[in-house]
Amino acid sequence: MSLFINIEKNFENFSLKINLENDNNILGILGASGCGKSMTLKCIAGIEKPDKGKIILDDEILFDSQKKINLPPQKRKVGYLFQNYALFPNMTVKQNILCGLHDEKNIKLKEKIFSDTIELLNLTELINHKPHELSGGQAQRTALARILVNRPKILMLDEPFSALDSHLRLKLQMKIKNLLKNYGRGVILVTHDRNEAYRMCNYIAAMDDGKILTLKDTHEFFANPESVPAAILSGCKNIAQAEKISDYKIYVPEWNITLSTKIKVKDNIKAVGIRAHHFSKDIKKNRNKITFIREMEEPFEYVIEFRFAEQSKESEPVWLRLSKDKKPENFSEELGVEEENILLLY
Amino acid sequence: MDFYPLYNSLRIAAISSVIVFFAGIAAAYYSSRLPKLVKGFLDVVLTLPLVLPPTVCGYFLIVIFGLKRPLGKFLAHFGIKFVMTWYGGIIAAAVVAFPLMYRTARGAFESFDMNLAYSAQTLGLSDTYIFWRIMMPACRQGIIAGAVLSFARALGEYGATSMLIGYTPGRTATISTTVYQLWRTNDEAGAFLWVMINLAISAVVLLLVNMLEEGRRKNHEPFYKH
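Protein sequences appear in the order of chains A and B. In this note's numbering, each number is its position in the first sequence, counted from 1, plus 14. In this note's numbering, each number is its position in the second sequence, counted from 1, plus 20.
None of these hints come from the bench; they were simulated from the model. For clarity, every value in this text was computed on a predicted model and none was experimentally measured. Possibly wrong hints are sitting among the right ones.
Cut-off 25 Å, straight-line C-alpha distance, at most; resulting in silico cross-link-like pairs (SDA-like, lysine to any residue) [stated by the list, open to error]:
#1 A:Lys91 x B:Lys93
#2 A:Lys108 x B:Asp207
#3 A:Lys66 x A:Asp78
#4 A:Lys82 x B:Trp152
Residues of chain A placed beyond 12 Å of chain B at every Cβ, according to the derived structure [as the list claims (entries may be wrong)]:
#5 Ile83
#6 Lys89
#7 Lys91
#8 Val351
Cβ atoms here follow ideal geometry from the backbone N, Cα and C, with glycine treated the same way.
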């Protein structure tokens, strides 16, 4: 099972250029709202038509502008879970799910798939309810059941948890993650939430302004996002312009410090990123004098703003996160960062 | 008492609103898929009868269907005459009532969540199924309200009707043309009776519309409980 996309679509003040491949992985498309994530899914599903390019799913051409192939959504066998779940309001849970089984002629098989799926998703008690009687989580499970019984070649989930409140979200992410792993086919999950992407996906495609910046293994993505927009998407709070000094040394003009790195610095380096929780008074590498500005308390952490000693008073302060048990009486005057935690951004 | 005007008005209104029902829905559905410019132009043309005086609509109808005009002459070969016949009233009522159906249906379609249609498509459901079994039920209230309104408008039609089919007792007379005739000939009691009949029908129709509006408000409550 594999998906190949290479498409372009132009709008008045925005253009989408997507080049992606995915095998049986759970691939997350991580991007800010309006960057074209949902449009990409709509192009794969056949709801929107790209201007040019190719979309191939399991050796079947879904779209090819040169060969003038454009399969209608009905023939693409693509499962699409919408952000608002799009349950048909006039039908019960059962009728909704049976919509996904409408072309199964074998009555016995149809009944088996139906009862297996409602059991898997815990919907047995709810089959006679109408959508407006369901909670957000129940609606999500119903929509997922309706897609699973249709046995699509690929599952696409568009911000699947954004309509749920936060404590329910975590529980459902756990369950659905398990379900997707056992499903064994390709999954594309679109989200603007890096935590969700990290929890749910094996691979992450960072997307910005209609383009895919990087496509990497999830751990690798967070360890080395490679570009400034990707670093922002990965949650890096401290980003500043940087210059190369030598193969393993950079200078940061805004902070007025030099940093040594573990990875070799390339000539075209643009910026450096340091995550807020990577600063520590106990680290011996890359130590610099700092001045404390102010702090803000969070439930389990402190967020602290500081500037490096030689940093201009007009420039943006730097952020540091400390878990509560690690907060010292007096704020230390020097902080260090491990060399492998210096993110080189190009 | 001669109840022909009631019978005639009801059949004209009934038949014309059936025509308007389908034509209005079709126009609303297809115009939403047209390019912006064409849609804007079509929208003006289709809504025009709503703002024009009905007599002006009647004038256009006579110009089109008059027995000395090409189309009127052509239709007369087959024995179809829309001038001075009861079924000409269907045309007049339909033209005047059409924008009400078109506008309300369009409003209902525009507030329809297209994600419902898209998700149905990705599940492999045919476009015909989606239209009749998902879109129409979701837009039901708006469409019924439009149908009731256009029926009421067709029933009350006077201007275009009197221009196109005139007033012939027992042949083309409708409630509204009868009220005018009776009042003009000083039969105030007769006019009053028909006014009351008309009032009763209109009141029932408006009551229906109100009940539907109420139902629609209920359906617009948030979709999922949290």
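Checked hints:
Taking the CA atoms of A:Lys91 and B:Lys93, the gap is about 56 Å. The hint is violated against a cut of 25 Å. The hinted pair formed by A:Lys108 and B:Asp207 fails the criterion: a straight-line CA distance of about 63 Å is larger than 25 Å. At roughly 7 Å between alpha-carbon atoms, A:Lys66 and A:Asp78 fall within 25 Å of each other, so this suggested pair holds. A hinted pair counts as satisfied when its Cα atoms are at most 25 Å apart, and A:Lys82 with B:Trp152 does not qualify at roughly 30 Å.
Every C-beta of chain B lies more than 12 Å from that of A:Ile83, the closest at about 17 Å, which supports listing it as non-interface. Under the 12 Å C-beta cut-off, the non-interface status given to A:Lys89 relative to chain B is violated; the minimum distance is some 8 Å. Distance check for A:Lys91 against chain B: the nearest CB is about 8 Å away, which does not clear 12 Å, and the non-interface claim fails. Separation of A:Val351 from chain B is adequate, the least Cβ-Cβ distance of about 42 Å exceeding the 12 Å criterion.
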